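Asks: Residue strings, one per chain:
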Amino acid sequence: MVDSLLRVTDLKTRFHTPEGIVHAVNGISFHLNEGETVAVVGESGCGKSVSMLSLLRLIPTPPGEIYSGTAIYRNDDLLKKSEQEMEDVRGREISMIFQDPMTSLNPVLTIGRQLTESLRLHLGMTQEQAEQRAISLLEQVGIPDPSRRLGDFPHQFSGGMRQRVMIAMALSCAPSLLIADEPTTALDVTIQAQIVELVARLRESLHMAIIWITHDLGVVAGMADRVIVMYAGYIVEEADVDDLYDIPSHPYTLALLAALPRVDRRRDQRLKSIPGAPPNLLVEPHGCPFAPRCEFVIEQCLAENPPLMSVGKNHASACWVAVKTGLPR
Amino acid sequence: MTAHSTSLSVPQPADDLATEPLTLWQLGWLRFRRHKMALFGGVLLIVLMIFSFGGAFLYTEKYANFNDTSQRLEPPSSEHPFGTDSIGRDILARTIYGGQISLFIGFVAVLIETILGILVGALAGYYGGLVDSILMRFTEALLIIPTIFWLLVLAKFYGGDVPEIHIANRAFSGSVIVIVLIIGATSWMYLARIVRAEFLSLKEREFILAAHATGTSNFEIIFYHILPNTIAPIIVSSTLSVANAILAEAYISFLGLGVQPPTASWGNMLDNSVKYLDSAPWLWFFPGMLILLTVLSINFLGDGLRDALDPRSRVI
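Those protein sequences? They're chains Z and S, same order as listed. Using the working numbering, the letters of the first sequence map in sequence onto residues 13 to 341. Using the working numbering, the letters of the second sequence map in sequence onto residues 113 to 428.
Chain S with its partners taken away, still in its complex shape (with noise of 0.2 Å):
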């Protein structure tokens, strides 16, 4: 069977065009470059990371814990540019770790409920019928409680007596990995929503139909044929999941449950600065307006990736 002999001798019709047709992901880019403030928001996230993990080459972590009571409390300076805290640590030093630990927690929480969301909704989505009532059921059921208790509850249980854990000679308190199931495990039910609803509609599609019919097994289908048609939407809430991610590390640890000291972190930062709210501004404001930055820019990237990404916007 060679080409030549077998191949048909009728005219090609002419589907070479001049330029090369663009991909999802050029056509995407071409979009997301005209979203003005998603642009910002990416660039504002990248500094925000330099920050946080450049930073690190100007103070020691030694540096971010250590504290020298004979200056507490001073306002910003040339020695401490963002000031001191009430024990007289550096507070630049420790925005900069502590951010190191909120964009840990952000994306790796995010990282488990994406997982998690994926799976759930998978399933559900593909099987349908009874594993779809049971993995739906139990979704809505965690649902209906409140994210805030979940995170509560869950955080005093566990967070209690974690061991310390050390990662590339540095000591983390262990509460960080607990915070980041926490958030990762009470997270994933919308996400779950999201994919269940794609893959019911996906999977009645025709190419779906043609792959079953040349022999491809159920986990195939689910992974490499109905998931890469998933991407977008997945992509879009998960990186507007970062930001709530980031927020909920904040509000646990403001309320003491979340990392606990020395350990620092951008949240448990803001509890320390409860009782200076008029006397030592500096205190709140730094980690604050971090942590503002960081959920702004976040969304600003998730709603530009959202109108990028959806094949439904035809305007380039």
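So that you can see chain Z by itself, here it is in the shape it has in the complex (with noise of 0.2 Å):
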């Protein structure tokens, strides 16, 4: 039997802003044991990054607004904490890195500075202690001469070593869930798999459990137990991850699986593309919100947007087409 961890329930987010209102997230639940990798996939500007910034707060507000949902991280709910008591919790329990690592370090700051902030924040180190710590953890990351360049500026560290600088920073304090927002996506691919192949290798060490929000389902297939997929703030499909190579549920995981670039394919097909663009958050969808790109589309689509529905063991999608009749492979 796995602990539970994280369970979030109908989480929902919104941004008003001077065009309206911007309906980001709009009530997922999903749930993370103990140790387990699950990764979050989707189009640019479906979500992802937001309800996990919402998860520890930092959605900025205003104009944000988390107005609906639990989180329950252990016994407590994320979202009913005081900013003190969230300040407790970030970088201690819940770490995140992100996308691009030429600007999460601050450029006047050291390394050293930086990474032994967090260290003397939460486990109140002090000053000797951290540094010893974070030359401890630079060398973990990889980090050649660790000692030496704790006096560093961050410009002074390639892309992918400032990424490694990150992830020894998120690390610091021993996290029991890491949130990595795309944290390869600026990186080219020989420092993506090396990233990749870090966080994997030190999440066995630490026994952390790790949210990875990213578009690259290639990098998915080789890091996660789970698979969710979000589509315009909704969850759209869930599943093992084998599960949902093989037996995708949901139009929209067809479309991205289809769009994967495939060493087997013949050089003269073009890459497919998924038709249309993602709907516009400003207006409140009618029907499911993937139905105007869908090529399944049934009347009930337009009318009523389907729920989360289980399609089989530890698998559920928001497809009134995979539920009813399933879809053609």
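In case anyone wonders, no lab produced these hints; they're calculated from the structure. Any given hint could turn out to be false.
Claimed, not checked - In silico DSSO-like cross-links for lysine-lysine, where the CA-CA straight-line distance does not exceed 30 Å:
no.	chain 1	residue 1	chain 2	residue 2
1	Z	Lys24	Z	Lys92
2	Z	Lys325	Z	Lys336
3	Z	Lys24	S	Lys315
4	Z	Lys24	Z	Lys93
5	Z	Lys336	Z	Lys24
6	S	Lys315	Z	Lys93
7	S	Lys387	S	Lys315
8	S	Lys174	S	Lys315
9	Z	Lys92	S	Lys315
What the hints assert, rightly or not - A short list of chain S residues far from chain Z (calculated; beta carbon distances all over 10 Å):
no.	residue
10	Ile199
11	Phe216
12	Ile224
13	Lys268
14	Phe319
15	Tyr336
16	His337
17	Ile343
18	Leu352
Keep in mind the model is a prediction, meaning the values are calculated, not measured. All C-beta atoms in this analysis are idealised placements derived from N, C-alpha and C, irrespective of residue type, glycine included.
Hints given; two lone chains; assemble the complex.
Replies: Below, the structure written as structure tokens:
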């Protein structure tokens, strides 16, 4: 029996903008066990980052507003904590690494200063202890000559090295949950592989759960236990990683998989793309948000937004067609 | 978790350059050095400080305030190199002690201005919304009242009978402290707006989000994460403000509302010389020249710093 670490129910986040209300996250529910890795995939602007930032309460309010839902972490609701209590959670219990390592480190503070901050903050270490720990952290993430590099500034590191520093910072207090917001997107392919390998290795040694936000289904396959597919602020499919690739049960997932470049595809074939664009989140969707771009659309899709329905063991899909007749393969 | 069992065995990219990369300050110095006028300004300012503070070893303050009515309005001579004033005081000695007061006022007033400006600007820019509205409307309200008016009213109101203060065996007219506070309190508004603008853009940067994500408190983010990023414009603005503060002291003292005699300042020495504009030009020439040189050198210095510390100027 595995312990549940995080259970999110009906999380809704919206932004009040001059153009109107943007419905970024529209009632997502999911759970995460201790030590489990869940990948969240979807194209840009589908609410992946916003929902995770909502969990850490890092949404700027105003204009942002988390207006519904609970997020039970261990036994406490993250959404009900005071700002002060959240400061103890962030970096200590739940850490986050961001997409672009080039802009995620403060350019005027040394690496050592930034690394030791949360150690002193959360673990109450002295500067000396924190520096010792920082050196061993940099060693673990594969930075050569760490004791000398503590005094260096971010611009003295390459992109991949900076992402390693970011990872060292995020893991400094041995959090139980790491939220990785597209940590490899800004890096080139060989460095991506190194970073993925690094995180996978650290996951084993720290026994932490990971929420890995990405739009790279290739990374997902090697890393995740389960996959959550998001579209327009909704979870449209949730499945164990093998099931998602074997029996995808939402037209959007199908389309995403079809859009993957494949080694065994003939070279004169063009990459498939999904026709149309993601919906305008300013207007509340009527019916299924994917219906306008869906090739299997039926009448019910236009009238009623499908909830997440079970289509198998640990496998759920928000698609009328998939539940009723099954998607054609 | 030993280092060797876990460290990655992939080849590391060679990010070790043959030479150490330059820090912001080293880069700044390289650029500053090429700015000849700024170097000149810096050197001149140091000379003026040596004159004002080192000169105290040549003449005592007692001598600077000693009046010998038999020696009134003497032109420059070997005994009194800068001449004497209307009640027979040695002008060289008075410019030395007056320089201390003028420079002291310039630097301390700017210190107050900088602290106020940073506080108001940082809080307004960081918190935004209502806090920003209240602080900025207040700042604007102060800005629309001309500074000279502020200075005169406040100096007249508070400058009356302030007791003398004694620091390090020396007596200062209490008016010095009043002037410092007044100048500091009436000049922070521009700096506050600069700092606010910097904070508005910096707080949206990803590394600030990352700092939030590691549980850093607002206080630490404001003062340890954002403020160091705004240090260049603050240094430039503050440097130029020193010149303005010295000028402000000069003109309120010139109008008789500033530093009260017998404590000398370059400003109140000018005040005493008005009646002798043609008959004894040395009365105004020396203090006037010193104010001019000080303000000029600070402005050159500030200009050089602006070019040197601007992160967008990449030329070395």
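Asks: Next, verify each hint and record whether it holds.
Replies: Here is what the structure says about each hint:
no. : hint                : result
1   : Lys24/Z x Lys92/Z   : 14 Å, holds
2   : Lys325/Z x Lys336/Z : 17 Å, holds
3   : Lys24/Z x Lys315/S  : 25 Å, holds
4   : Lys24/Z x Lys93/Z   : 17 Å, holds
5   : Lys336/Z x Lys24/Z  : 28 Å, holds
6   : Lys315/S x Lys93/Z  : 23 Å, holds
7   : Lys387/S x Lys315/S : 56 Å, violated
8   : Lys174/S x Lys315/S : 54 Å, violated
9   : Lys92/Z x Lys315/S  : 25 Å, holds
10  : Ile199              : 55 Å, holds
11  : Phe216              : 31 Å, holds
12  : Ile224              : 25 Å, holds
13  : Lys268              : 44 Å, holds
14  : Phe319              : 5 Å, violated
15  : Tyr336              : 8 Å, violated
16  : His337              : 6 Å, violated
17  : Ile343              : 8 Å, violated
18  : Leu352              : 22 Å, holds
Figure legend: structure checked against the earlier numbered hints; hints not met, in rising order: 7, 8, 14, 15, 16 and 17.
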